[in-house]
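**Student:** Protein chains in written order, with this note's numbering: chain G, 940 to 1514; chain X, 8 to 287.
If you are wondering where the hints come from, they were derived from the structure by calculation, not from laboratory data.
Virtual Cβ for every residue (Gly too), placed ideally from N, Cα, C.
Don't take every hint at face value.
Claimed, not checked - Okay, the calculated bits of chain G under chain X, using three or more residues with CB under 8 Å as the criterion: (1) 1335-1342; (2) 1350-1359; (3) 1397-1410; (4) 1431-1443.
The chain contents come next:
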Amino acid sequence: MAFAAIHVANFMVQAVLRAEVEPRDHVELRADGELRDRAVALVDGTAPLINVVAANQAAWCAGIQLGMAQTQAQLCGVEIRRRSRTLEKAAHAALLDLGWSMSPRVEDHAEDTILADLAGLNSLFGAEENIAREFARRAVELHLRVHVAVSANLEVAVHAARGFAGITVIPEGEEARHLSGLPVQTLAPSAEALETLERWGIRTCAALGALPVLELSERLGQEGVRLQELARGAHARALVLVEPAEILEEEMKLDDAVEDLEPLSFVLGRLLDQVCARLAARALSAAAIRVRFDLGDAFEREEQVRGKNATAAVMAGAAAAAAEVQAAAKTYEKTLNLPVPMRDSKMLLKLLRLQLQADPPPGAIVKITLRADPARRRSTQHGLFVPNSPDPEKLELTVARLAKLVGNANIGSPELTDTHRPGEFRMNKFFAQPNETRARGKAGSTGNKSLSGGVRRPTTGCRIFRPRLAARVELREGRPAKIVLRGLYGRVMTASGPWKISGDWWRGDAWQQEEWDLEIQFDGGDAGGSVPVNAPANMQGIAAVQDAKVQMRAGLYCVYYDGACRSWFVRGMYD
Amino acid sequence: MAANFAALRSKVELALAGRVAAPFNYRGRQEVVTVSSGIPEIDLLTGGLPRGALTEIFGPSCSGRTSLLLAALSARTAQEEACALIDGGDAFDPHSAEAAGVELRKLLWVRCRNVEQTLRATDLLLQGGGFGLIAVDLSDIAPRLVRHVPLDSWFRFRRAVEDTPTILMLLEQESNAKSCASLGLRLEAGAVGWSWMPVEGAAESGLGRAADYSRLPWGWLLEGRSARGEVSRSRMQKGSGGYFRGGFAAEPRVASEGEGIFKTRIDWDFFSLPIAVKRK
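Next up, chain G with everything else stripped away, as it sits in the complex:
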């Protein structure tokens, strides 16, 4: 049995730089390397006590020291970054995802170190060195540079990963020899124990391992014994497993508030890349993407009125409710529900952009939190009898673009509602997944069969006038005889009706109608449309009348008398 310890050196620095890496592909990976080769120091604290808390190797070489003031650090010519705990949290989550991408048994050892059980991986990747290389390769995809050590002993693997750069494979039985050169500090002793060991001149694991156990126990207690076991590679323990997170989350705080959508897209793209890389590491996709924007001062200024209302609510005794109102007002959330799980960051970015363009955040953004609800990837294997259908991912993008063009309410799949009220329907989201069983059943049929099994007779279609068209109707012996529509005079040739319909009498919007099917002959029907589009306004008016004449030809119309408003309307035309 072997274990791999994966350690991120300079974790705090890498966490910050990981968020600055330009997304995707090899070009960006080169940029990643260039970024990491630059001298960067992290500072933390509150002004004026802002000190260096971490730095990369290039920065140490440039003269940076821990605890150095920010102004001093700037004089060394290194790039200064602010420490970000949110980015560290995201980097740690990415590290865990790296572990789960290879092995289901992972231990969250420390913020910068994880352990993975390699049992069964040899058949997939070959020798342990290959497994370690695969870990390192996948870490690069997550914009992390890691040291990997493989050993049969958990603690040995951890100390080797922390002590040796790159990939280290320690064969069973050679743990003590490999650890011998490591400094004692690698074993993370307490300050008192370290001081004592330094006083004794014990600086390496080899020297610590050579000390007599009894005497060491008398002087340093149980900690001394434990440290010696660690130095000899003889400390044994079991792996403490950790469960995979249900939700993947990435955050980014912005130095300057962003109001425009264009710069926001870059940040969203970066976050989506990171989330998608993490999803890919776990062989998952996103079923939904939730974005929360923390809004800055600009929004607060805009919402002063709302704030005043909240103050009034406080005075009225509704303090909790007012606090909730204010908390909600400072954040803006958007959820992108996906028809099928997907993890194409470019596609997701386009969809998010379209949503945000339709409904932009009401103020400047200072922080973005992006969460993905993971789901299993969809299988794309279709049956032989399933007809061609739009690719769900492409369709989602097409529908989003169409929604931007015509409005959300004007696109979808119509569904009739359970009512007799004429013209009632609702628009549902359109899904194009074919039903394989049904398709197979219908593969041989021509598709124009009625429910009773016979060939369906073509029925007359109806075209609806939206909004409803007001009409003036003259009755003769209780039946429509003449009608005036859009300024045109028509004679009713034949009338069928009235078909009385009513409903919802128990509600305020009760309806009562008398429908007639009318065959109408308009006088002076045909008018050739010859008015150009860019004609003057008075000509456009003439054109509109001509258009009405062209449309209002002799034909079959569905006309009704609305009992609620005591007027006649044209519902539609049979075509």
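Take the given structure of chain G and dock chain X to it, following the hints.
**Tutor:** What follows is chain X alone, placed relative to chain G:
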């Protein structure tokens, strides 16, 4: 001369590189796959609706364009194909569509407000691909506006739909796509079918009482209407050509009061016009 020709040819090929694979290669005419329009008489006349091509259906109001559209949608959705309707005048009636047998869940309805939106939506849907039938309904838009749509738009649609299994159906009052359409069908309104028969109006009906037809008042009942169609353009070698006459039956009338269902008239035999296919 030959050298100039070769240079010109290479220049054109270079300019079209990446967009057109081989601009000077002869593209053999492929076998056109056709499917049922949902109306056997029209299938007999035209050979069916061609896939990967633009079909133009035009005619005045009440000439049966919508009925033909619904029949085609019904046939395609019954085959579990996804269909899209780009409704230029927002005139689509889901109720009559369902009565015609259209599976509404398989239909993407895009309600546009003008020609520009309609054309843009068509572009987007054609780019997306995967639909069995995309119908562009410009029937309610004034012909003078549709006439101003540049010919290259229709040409673009034709090229976008080529080599795909999509049927692109265009409905208008006048023919505008011209040579870009692989199939053109002109429809004309025919006679309206009425019958004089006992009709139970809701006003006279007793609620829940079985109808006594011998004592009912008589009235006109809309049974359907006929239409006449003629192929104006066809690149296919299928179909008999000529023109057809066919009938579209009206929906059964149902009246309801107080959300209770009282069918005042159902299950009458539909009016059926004689259907004849004549050869020119």
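**Student:** Now, for every hint given, state plainly whether the structure supports it.
**Tutor:** Going down the list of hints, with the structure as the test:
1. 1335-1342: holds (count 5)
2. 1350-1359: Coverage by chain X holds here, the residue count being 8 at a Cβ distance below 8 Å.
3. 1397-1410: With 9 residues closer than 8 Å to chain X, the stretch 1397-1410 of chain G meets the three-residue bar; holds.
4. 1431-1443: Answer holds; 11 residues pass the 8 Å Cβ test.
No hint from the list above goes unmet by this structure.
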